[in-house]
Amino acid sequence: MSERIVVVGAALWHEGRLLAARRSAPAELAGLWELPGGKVEPGEAPDAAVVRELREELGVDAEAGERVPGQWPLRTPYVMQVWTARLRPGSAAPRPLEDHDELRWLTPDRVWDVDWIEHDVPAVRDTLTHLGARDGV
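First residue of the sequence shown? That's -11 in the working numbering, and the numbers climb one at a time after it.
Just so you know, not all the hints are guaranteed correct.
Simulated pairs of lysine to aspartate or glutamate, EDC-like, Cα-Cα distance not exceeding 16 Å [unchecked claim]: (1) Lys27 with Glu86; (2) Lys27 with Glu44; (3) Lys27 with Glu(-9).
These aren't lab readings, by the way, just hints derived from the structure by calculation.
My request is simple: use the sequences and hints to build the entire structure.
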């Protein structure tokens, strides 16, 4: 069996809201929403990848929390793991810098108002359950 490549998704939670990012690239995903994140680099810890990806994609200073139980298959050989994250005190507000054109803070009852990338749906559902934010799920 081939080696799986871990992609981290960041469940950035702030003031009772989850951050969703709308893809601007690649073309087949443009306009769809996701948890921000990306591939774990060789030798990099997944929680460190969360911090790096949030800095690169959104320009924020964040810290990773805990891993949401489970992992979700993407296209082979990728698998997604989700980590909770929060903004550090004094961090800039998130802004779309790489591969995104819009960000939204969504309360649990509004999470499904955006068109999530198909493979993010179970991850988002499980993340909300993990965070104890069951309203509207």
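The hints, checked one at a time:
no., hint, verdict
1, Lys27 with Glu86, "holds (14 Å)"
2, Lys27 with Glu44, "holds (12 Å)"
3, Lys27 with Glu(-9), "holds (14 Å)"
Of the numbered hints stated above, none is contradicted by the structure.
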